[in-house]
Amino acid sequence: MEKFTSLSGIAAPMDLVNIDTDMIIPKQFLKTIKRSGLGVNLFDEMRYNLDGSEISDFVLNQPAYRDASILVAGDNFGCGSSREHAPWAIADFGIRCVISTSFADIFYNNCFKNGILPIVLPEDQRDALMEDAGNGANARIEVDLETQTVTGAGGETYHFELDAFKKHCLLNGLDDIGLTMEKVTSIDTFEAATATSRPWV
Amino acid sequence: MSPKTIYDKIWDAHVAHEADDGTCLLYIDRHLVHEVTSPQAFEGLRTSGRKVRAPDKTIAVPDHNVPTTLDRANAATMTEDSRIQVEALDKNAKDFGLHYYPVSDVRQGVVHIVGPEQGWTLPGMTVVCGDSHTATHGAFGSLAHGIGTSEVEHVLATQTLIQKKSKNMKVEITGKLAPGVTAKDVTMAVIGLTGTAGGTGYVIEYCGSVIESLSMEGRMTVCNMAIEGGARAGLIAPDQTTYDYCNGRPHAPRGAAWEAALTYWKTLFTDEGADFDKVLTIKGEDIAPLVTWGTSPEDVLAITDVVPDPASFEGGKVGAAQRSIDYMGLTVGQKLTDIEIDTVFIGSCTNGRIEDFRAAAAILKGKKIKEGMRAMVVPGSGLVRAQAEEEGIAQVFIDAGFEWRLAGCSMCLAMNPDQLAPGERCAATSNRNFEGRQGRGGRTHLVSPAMAAAAAITGRLTDVRDLM
Ligand code: SF4
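So the sequences go chain by chain: G and D.
Take the first sequence: its letters are residues 1 to 201, numbered as in the numbering used here.
Take the second sequence: its letters are residues 202 to 669, numbered as in the numbering used here.
If you're looking for bench data, these hints aren't it; they were derived computationally from the structure.
Remember, it's a predicted structure, so these values are computed and weren't measured experimentally.
Backbone N, C-alpha and C fix where the C-beta goes; we use that ideal spot for every residue, glycine too.
Be aware that one or more of the hints could be misleading.
Said to hold, decoys possible - Straight-line alpha carbon distances no greater than 30 Å define the calculated BS3-like cross-link-like pairs of lysine-lysine that follow:
1. K3/G x K366/D
2. K292/D x K34/G
3. K371/D x K166/G
4. K31/G x K252/D
5. K479/D x K365/D
6. K365/D x K252/D
7. K377/D x K205/D
8. K167/G x K479/D
Stated by the list, open to error - Reference excerpt, derived from the structure (chain D facing chain G, CB under 10 Å, subset only):
9. T361
10. P454
11. A462
Take these sequences, add in the hints, and give me the full structure.
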C-alpha cells in the first residue's frame with residue numbers, strides 16, 4: 001500500500017452533507033474487475049452531463065480544482081454502500097485526504113487500505129478549512145500525519161485524532177494481511193478451540 | 202462478572218488476538234461473497250500466492266448484476282462487463298473450493314436472503330460480506346457487518362478481521378404496531394429519528410415487545426437498514442422464533458449438535474443491568490406507515506404528511522433538503538399522497554422474502570394496477586419464488602399486472618437492465634433513495650411492500666390503511 005506521510009495541496013470544497021458512495025462512484029462503474037482507472041468517473045453524475053460533456057460549475061471541473069489533492073466535505077461523508085470503488089476512484093483522481101466532521105464507518109476503514117487519510121475535525125474548524133478551500137488554487141492546505149495536524153491557508157493549525165494502529169500502517173504503507181499472518185498461531189489456536197466449543201460452526 | 206450485552210458476548214467469543222491498544226483480530230464464522238466486491242480480492246490472493254483459509258465457511262452467490270428476466274439463461278441478456286464479473290465469480294468459487302449457488306441453481310438469490318435460507322447464518326456467529334446490508338443477518342443474534350474489498354481479501358486469507366470494539370446502542374420498540382404498519386416502517390422510523398449518521402460507531406440492539414412479536418422475515422427487514430442509520434451492525438437476541446426458523450435448514454446443525462447449539466444460543470441475551478452508551482425508545486403505537494420524500498433514508502415522513510420546507514431544517518440540512526426537493530421534483534407543502542408514481546419495485550434484501558410478498562398480495566388480491574404503471578416483483582431467491590408460486594401469490598401479482606421476475610438485486614441498485622429513466626418516479630421496497638440509485642435521474646420513494654402494492658393500484662403514494 002502507498003504510504004502517507006504529509007501532503008500540501010489544493011483543497012476542493014464540497015459543502016454538501018451525506019455525500020454517499022453512489023454519488024462518489026455510481027454503480028455502473030462497479031462492473032470492473034480491477035482497482036484502477038476509476039478516477040475519470042469520480043462523482044460521475046454530478047460531474048458530467050448525459051452526453052458526457054462536463055458540468056462546468058461542478059467543483060472538480062473548475063480550473064482551480066482540477067489538481068485538487070484534498071477534499072473538504074459536509075457531514076457524514078461516504079455513507080451508503082461498502083464499495084471500495086469509492087476510495088479507489090478518489091485515489092485514482094489524485095485525492096489523498098478528505099476532511100469532514102464525520103465519516104461513515106465502512107468508507108472510513110476503506111480509506112486506510114488505499115493510502116487515503118480521512119480527517120475528522122469539529123464543525124468550526126472544518127468550516128474554516130471549507131472557506132479556505134473556496135479560495136481556489138491560491139489556498140493550499142498542509143497535512144502532516146506524524147504530528148496529526150492540518151494547517152489552513154492562513155497558517156492556522158488544527159490537531160486531529162486517529163487510531164494509533166491505523167496511523168502506523170498508513171505512515172509505513174503496511175499491508176494488513178501480512179501483519180495478520182504474523183499472528184497465525186493465535187488464529188490456529190482459536191480455530192482449534194472453536195471446533196470443540198462450537199462444533200456446528 | 203459485570204453484566205454484558207449480547208454484542209459484548211459475541212465479541213468476546215470471537216477475539217482470536219488482542220493487541221495492547223485494543224486492536225483485535227476477530228474470527229469470522231461465515232463469509233458471504235458476491236460478484237461485485239470480490240474479483241479484486243481474489244486477484245489479490247492469486248498475486249500474492251495465498252489461499253482461502255476456510256473455504257467451508259465461505260459462501261458465494263452472484264446477485265447484483267444478474268438479469269431477472271425469464272430469459273436470463275441466455276447469456277446475451279447480460280452486458281459484457283456484467284458477464285465478466287459473474288464468470289469471474291464462477292471461476293473463483295471453483296478454483297478456491299467455495300460453497301456456490303450459480304445463476305442456474307434454484308437456491309440462487311440475493312446473498313442476504315440465501316445465507317439465512319440455507320442455514321448458513323445462525324445465532325452467535327460473526328458474519329461478514331463485501332456489502333453494507335450484511336447487517337441483515339443480525340436478525341439471528343449474530344454480529345454481522347459489511348466490509349470493503351481489501352477486508353474481503355483479508356478475511357479470505359486469514360478468516361479474521363482487524364477490528365476495534367464499537368459502542369452499544371439500545372433501540373427499544375415498545376407496545377404494539379397499528380394495523381398497516383410493518384417492520385419496514387419500524388426500521389424507517391428509527392432512521393428518521395437517529396438520522397443517517399446517528400448510529401455511526403455503534404452496534405444497535407433492537408428489542409422490546411414489537412421486535413419480539415416480529416417474524417424472522419420482519420426482523421431481517423429491521424436489521425437490514427441498521428446501516429442506513431450509520432450503525433456498524435444491528436442485532437436482535439435469538440428466541441424461539443429464531444430457533445424455529447433455523448431448525449431443519451440445510452446447513453443448520455442436527456441431532457446432538459443442534460441440542461448443543463441451542464444450549465449455547467440460549468445464553469445470548471443482554472444481561473440485566475448491562476450498560477448501553479445510547480438508548481432510544483419508540484412507542485410502537487406512534488409509528489405510522491412511512492415514506493421517504495427526499496434522497497436520504499433519513500428523509501422519512503408519515504404518509505399523511507406534506508413535503509417539508511427546507512427552511513425548517515438546520516445547518517447543512519437546509520441546503521441538502523432543497524437539493525432533494527429539486528432532484529425529486531416536489532413542491533413544498535405538497536401532500537405526499539398527491540405524489541404520482543410510474544414505477545413500483547417490490548423486492549431486495551430488505552423486502553424480498555415470502556412474508557413481504559404475502560403482505561403485498563393481500564392488498565393486490567382481486568385488484569389491478571393503474572394503467573400505464575410499470576410494476577415488478579423480484580423474489581429474493583429462487584426458493585422464495587417457488588414458494589410464492591406454490592401459495593398462489595405469484596398469480597395474484599400476475600393477475601394484478603405485475604411482472605413476476607427471477608431472483609436478484611435488480612432495481613434495488615439497477616446494475617442490471619432494471620433501471621429508472623431520468624425523471625421516472627418509483628415506490629420501492631428497497632433501502633436506498635440516493636440520487637441515481639435506481640438509475641440516473643430516477644426518483645425513489647422507500648415504502649413497505651403493502652404500501653408499494655397500494656401505490657401500484659392508485660398510481661400515487663397511498664396510505665395503505667385506506668385500502669385495507
Ligand atoms: S438487494 Fe440491494 S441492498 Fe440488497 S444486496 Fe442487493 S443491491 Fe444491495
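Now for the hints, and whether the structure bears them out:
no., hint, in the structure
1, K3/G x K366/D, "26 Å, holds"
2, K292/D x K34/G, "16 Å, holds"
3, K371/D x K166/G, "28 Å, holds"
4, K31/G x K252/D, "24 Å, holds"
5, K479/D x K365/D, "18 Å, holds"
6, K365/D x K252/D, "26 Å, holds"
7, K377/D x K205/D, "27 Å, holds"
8, K167/G x K479/D, "28 Å, holds"
9, T361, "6 Å, holds"
10, P454, "4 Å, holds"
11, A462, "5 Å, holds"
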